[in-house]
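Go ahead and model the full structure; you've got the sequences and the hints to work with.
Heads up: the protein sequence lines correspond to chains C and Y, in order. For the first sequence, our numbering assigns the number 164 to the initial residue and increments by one for each residue that follows. For the second sequence, our numbering assigns the number 64 to the initial residue and increments by one for each residue that follows.
Think of the hints as simulated: they come from the structure by calculation, not from any bench. Just so it is clear, CB atoms sit at the ideal spot from N, CA and C, and this is done for glycine as well. Hints are not guaranteed to be accurate.
[To be verified] Residues from chain Y that keep clear of chain C, each with C-beta distances beyond 10 angstroms, as calculated:
| no. | residue |
| --- | --- |
| 1 | Asp139 |
| 2 | Lys186 |
| 3 | His202 |
| 4 | Gln226 |
| 5 | Pro236 |
[Unchecked claim] Cβ pair distances, simulated, as ranges:
| no. | chain 1 | residue 1 | chain 2 | residue 2 | range |
| --- | --- | --- | --- | --- | --- |
| 6 | Y | Lys275 | C | Val277 | 57 to 63 angstroms |
| 7 | Y | Asp69 | C | Asn368 | 19 to 25 angstroms |
| 8 | Y | Leu131 | C | Lys280 | 50 to 56 angstroms |
| 9 | C | Ile354 | Y | Ile243 | 54 to 60 angstroms |
| 10 | C | Asp402 | Y | Lys275 | 21 to 27 angstroms |
| 11 | Y | Glu183 | C | Lys401 | 39 to 45 angstroms |
Chain residues, written in single-letter form:
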Amino acid sequence: MSNIITVKDMCLWYGEHQALKDINIDIPSKSITAFIGPSGCGKSTFLKSLNRMNDLIPSVKITGDVKYNGKNIFGSSVDVNELRREIGMVFQKPNPFPMSIYDNVAYGPRTHGVKSKAKLDDIVEQSLKDAAIWEEVKDRLKKNALGLSGGQQQRLCIARALAVKPAVLLMDEPTSALDPISTSKIEELTIKLKENYTIIMVTHNMQQAVRISDQTAFFLLGELVEYGNTETLFSTPKDKRTEDYITGRFG
Amino acid sequence: MRSRFDEQLAILNKEMIEMGALCEEIISKVLKALTDEDKDFLNGISTAGTEIDRKERTIETLCLKLLLQQQPVAKDLRQISSALKMITDMERIGDQAEDIAEIIPFVENRPEMADTLLHEMAKASIKMVTDSVDAFVEHDVELAKKVVSDDDIVDKYFDLIKQEIIREIISNPKDGECSIDLLMIAKYFERIGDHATNIAEWVVFSVTGIHKEG
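Next comes the structure, spelled out in structure tokens:
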């Protein structure tokens, strides 16, 4: 399996505060990678760095290398919009736009210049199918997306992210606001999505990391303490700090 | 932060130690019944066997409860899953001790050579059981590894006894049945050694996360 994202000696500061320290990690394509760690450990900051969402915060300073498909994402020739099209994001709280289900999914492709109605119809249908919500919404595509349940809204947000044909999906605690049934649907969906996409997910639910991820990275105080095969990390962690965190001795 | 879980693990540990002690008790009773002419020891054996079975149920229930409630990972997961595997071997040790006890009354006239070897073999396999339980209690990987290698000693005794019994059957065919019973006792002790080896391998896994291949 080739690595779609490679990170070398990456550090990140918010003003004077160093939030990430010498992060080195290779993320294999078409797999699920989980980031775990206590609140404030830097995992979400790191996730957001991968498609340069942190650019929006003025005091942020980043050093080191982050390569996507072998190309430095901070390079001067990089088109940030294109980068964010290829590396999409799904947030903790479902955030559909206050418009119809159809328009939510068509929003991205339209922004990227797709105008043909037939083509948009195809993209919307395929994206909703890929996000395992088509059957539930196919008869009410023109209805406002805010009328959907939380779990449906989150799958719609995934469909919206898929509509621009990304290669990587970043998910920041995508199920923390959902009930167990919706959570399980998103988990099933994520496993299906890794056939075609690379998924990187921040989760506070360690059982979720065990259930669905291939690799797990444990962050603590801005450091990447341990990274490896999920089963190995959760059965025989190498670092005592990992052992203490996952067995609930702190955090 | 996780005091309840730690308390439950301490209970599991205590139950495992008690089950290990019951295994040591049952086989030392068997050894005494084999050594002494005092067959009273045989009476206590089935009671100890029942107690071992009961312990197995208790530990099994506790482990399943811990898996369900705590969803353990890392060392906790290894400790609980090892316990689940180890109690099966401990229970088998109890069964085999009972099997030996059933045969003992039928092997009154044992040829001297085979008898001496059998005592040595019994002592060696009992030591393996004691050491495997101690290794578990002390999380002692070195002792556990010693148990694994000690299995060769027990196996050698078994071969020696087998040769001795073959000679005995050839020279004294009318006592063939007694000889075969003796061979079965030896085989049970050999199996007890194997179960102690399994326990020791799970101790190594519980501590290090590495289980012997095959």
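Taking the hints in turn, this is what the structure says about them:
1. Asp139: violated, 5 angstroms
2. Lys186: holds, 36 angstroms
3. His202: Its Cβ never comes within 10 angstroms of chain C, the nearest being 15 angstroms, so this holds.
4. Gln226: Fine: 44 angstroms to the nearest Cβ keeps Gln226 of chain Y off the interface.
5. Pro236: holds, 56 angstroms
6. Y:Lys275 - C:Val277: 57 to 63 angstroms: Between Lys275 of chain Y and Val277 of chain C, where Cβ atoms are some 59 angstroms apart, the hint holds.
7. Y:Asp69 - C:Asn368: 19 to 25 angstroms: holds, 23 angstroms
8. Y:Leu131 - C:Lys280: 50 to 56 angstroms: Because 53 angstroms falls inside the window, the suggested range holds.
9. C:Ile354 - Y:Ile243: 54 to 60 angstroms: Between Ile354 of chain C and Ile243 of chain Y, where Cβ atoms are some 58 angstroms apart, the hint holds.
10. C:Asp402 - Y:Lys275: 21 to 27 angstroms: holds, 25 angstroms
11. Y:Glu183 - C:Lys401: 39 to 45 angstroms: Given about 44 angstroms between the Cβ atoms, the range holds.
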